[in-house]
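As they're listed, the protein sequences go chains A and B. Everything in the first sequence is counted per this note's numbering, starting at 1 for the first residue and increasing by one. Everything in the second sequence is counted per this note's numbering, starting at 1 for the first residue and increasing by one.
No lab work stands behind these hints: they were computed from the structure. Treat each hint with caution, since some may be false.
Here chain B is said to cover these stretches of chain A; the calculated rule only asks that three of the stretch's residues, wherever they fall, bring their Cβ under 8 Å from a Cβ of chain B [stated by the list, open to error]:
no. : segment
1   : 89–97
2   : 230–240
Derived DEER-like restraints, expressed as beta-carbon distance ranges [unchecked claim]:
no. : chain 1 : residue 1 : chain 2 : residue 2 : range
3   : B       : Gly-242   : A       : Ala-183   : 58 to 64 Å
4   : B       : Thr-190   : A       : His-201   : 56 to 62 Å
5   : A       : Pro-180   : B       : Thr-197   : 43 to 49 Å
6   : A       : Thr-140   : B       : Gly-242   : 26 to 32 Å
7   : B       : Asp-162   : A       : Pro-193   : 34 to 40 Å
8   : B       : Thr-190   : A       : Gly-126   : 51 to 57 Å
9   : B       : Arg-172   : A       : Glu-47    : 38 to 44 Å
10  : A       : Thr-190   : B       : Ala-31    : 24 to 30 Å
11  : A       : Leu-15    : B       : Asp-162   : 54 to 60 Å
12  : B       : Tyr-177   : A       : Thr-140   : 57 to 63 Å
13  : A       : Pro-246   : B       : Tyr-177   : 51 to 57 Å
14  : B       : His-206   : A       : Asp-80    : 46 to 52 Å
Just so you know, even glycine gets a beta-carbon here, dropped at the ideal spot from N, CA and C.
There are 2 protein chains.
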Amino acid sequence: MAMEILDKVDHVEHLLSPEQLRARLQAVGEARYHYRHPFHLRMHAGELTRGQMQAWALNRYYYQSRIPIKDALILAKSDDPAFRRAWRKRILDHDGDKDGYGGVEKWIQLAEASGLAREQVIPFTGILPGVRFAVDAYLTLVRESSLLVAVASSLTELFSRDLISLRMDLMRKHYPYLVPGLAYFTGRLTQAPEDATFAMHYVTNHAKTRAEQEQVIDALNSKCEILWAQLDAIDYAYVAPGNIPPGCFVPEA
Amino acid sequence: MAMEILDKVDHVEHLLSPEQLRARLQAVGEARYHYRHPFHLRMHAGELTRGQMQAWALNRYYYQSRIPIKDALILAKSDDPAFRRAWRKRILDHDGDKDGYGGVEKWIQLAEASGLAREQVIPFTGILPGVRFAVDAYLTLVRESSLLVAVASSLTELFSRDLISLRMDLMRKHYPYLVPGLAYFTGRLTQAPEDATFAMHYVTNHAKTRAEQEQVIDALNSKCEILWAQLDAIDYAYVAPGNIPPGCFVPEA
């Protein structure tokens with residue numbers, strides 16, 4: 001009880017040092033980042049069928065397609081040309097310089113490597129409502145929060161490099177048909193750490209009160225929930241039989 | 001191909017009769033209303049443990065608690081005192097005339113009958129992010145759409161009476177500990193059909209073009225997805241072991 005009161009006082013009064021803030025963010029990622037999700041564990045163990053990988057690629061495309069929109073919402077929150085120039089890189093990474101380039105296109109190529117047709121992927125036909133609701137919650141979070149919180153919600157990139165490296169090795173091993181579609185992950189191996197460094201630097205410098213630091217931590221937590229819930233919906237619908245919601249993608253037998 | 005073109009012409013040009021509109025709505029409900037959801041099938045078969053019923057009551061409380069807020073958003077869209085007077089009944093049904101009455105309170109009593117403490121239910125601690133995202137998508141749909149679409153999204157009440165009657169019988173049979181908490185459903189047995197009749201009458205009279213009629217049908221479809229996705233999240237987390245997302249309610253063993 002005494003400890004609880006102490007924690008509360010501490011929580012209210014003391015600004016975390018940059019190292020303490022980073023440690024708190026690291027702890028959120030370790031507990032809640034989706035690298036621990038049952039669907040990823042199955043994927044990395046090589047247990048997923050081609051139809052299940054297709055369902056994942058198709059549904060995750062909705063998330064991928066919203067990333068530049070999310071980044072444009074963040075851009076629109078800033079009064080600072082230097083910030084906007086730096087953040088603009090993310091939109092470029094995902095949209096590319098011309099048709100046929102960029103992360104969104106590369107994700108379509110991954111879905112094609114899984115055996116889906118581009119025309120099937122782009123219109124979001126048959127994606128899971130649970131995935132859509134989670135991704136839309138991300139856009140709402142970014143749209144309705146401060147620039148600080150919106151930037152902080154991107155901090156899951158602190159953890160994505162390790163997941164992507166692991167995933168690329170295991171995809172080559174377990175799902176060789178995906179190899180022609182791995183360019184998205186190759187790009188993210190360098191982009192994500194750069195982006196995470198920028199965002200980490202930003203939140204460290206702009207969270208000026210303990211309350212703002214807690215908002216940063218909460219934002220990372222919320223983003224972890226958004227990523228996790230997408231995999232909940234995919235794992236539920238496509239692993240055990242009988243759970244695909246009405247109207248959603250049905251893999252070929 | 002000829003048939004497809006014909007359908008398209010028909011879709012664009014012809015206003016549905018009230019009977020045709022009702023038949024289309026009925027067909028959506030039959031295919032997509034959550035009475036067919038695997039979690040409800042398990043519930044009605046008496047297969048759920050007390051912990052699983054608690055998880056359902058706790059998570060569904062978030063939906064219940066948002067209903068009067070959703071209805072206030074709808075009220076705020078109308079310029080017509082007569083409409084607002086009629087719709088106000090729904091807020092009264094859920095909030096009651098004084099503390100301790102109304103549908104929201106009755107749902108808390110159901111959760112208490114399942115063995116949860118009121119203090120555990122009211123703050124939404126440990127609810128599934130997937131449930132929260134689906135329910136928040138309902139508020140967003142209502143907030144951002146026309147009055148016609150917002151009203152149409154309530155049309156799932158066309159189908160709720162049958163589900164509730166069936167559920168009450170089966171709950172008495174399979175989950176007798178819930179009997180002291182069934183007042184919510186007793187109330188809804190008469191409220192839901194009254195509300196559905198009003199909403200059906202409203203959309204029939206206010207959808208003046210085929211495009212508006214299609215919006216009405218789409219709204220019912222979206223609402224069915226919102227209800228279904230909540231049960232997807234609950235069924236995923238609480239039926240098979242190992243799937244409860246980090247930070248969510250864990251039933252006692």
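Structure-based check of all given hints:
no., hint, in the structure
1, 89–97, "violated (count 0)"
2, 230–240, "holds (count 6)"
3, B:Gly-242 x A:Ala-183: 58 to 64 Å, "violated, 33 Å"
4, B:Thr-190 x A:His-201: 56 to 62 Å, "holds, 60 Å"
5, A:Pro-180 x B:Thr-197: 43 to 49 Å, "violated, 57 Å"
6, A:Thr-140 x B:Gly-242: 26 to 32 Å, "holds, 30 Å"
7, B:Asp-162 x A:Pro-193: 34 to 40 Å, "violated, 55 Å"
8, B:Thr-190 x A:Gly-126: 51 to 57 Å, "violated, 38 Å"
9, B:Arg-172 x A:Glu-47: 38 to 44 Å, "holds, 42 Å"
10, A:Thr-190 x B:Ala-31: 24 to 30 Å, "violated, 46 Å"
11, A:Leu-15 x B:Asp-162: 54 to 60 Å, "holds, 58 Å"
12, B:Tyr-177 x A:Thr-140: 57 to 63 Å, "violated, 38 Å"
13, A:Pro-246 x B:Tyr-177: 51 to 57 Å, "violated, 32 Å"
14, B:His-206 x A:Asp-80: 46 to 52 Å, "holds, 47 Å"
Comparing the model with each earlier hint shows violations of hints 1, 3, 5, 7, 8, 10, 12 and 13; every other hint is respected.
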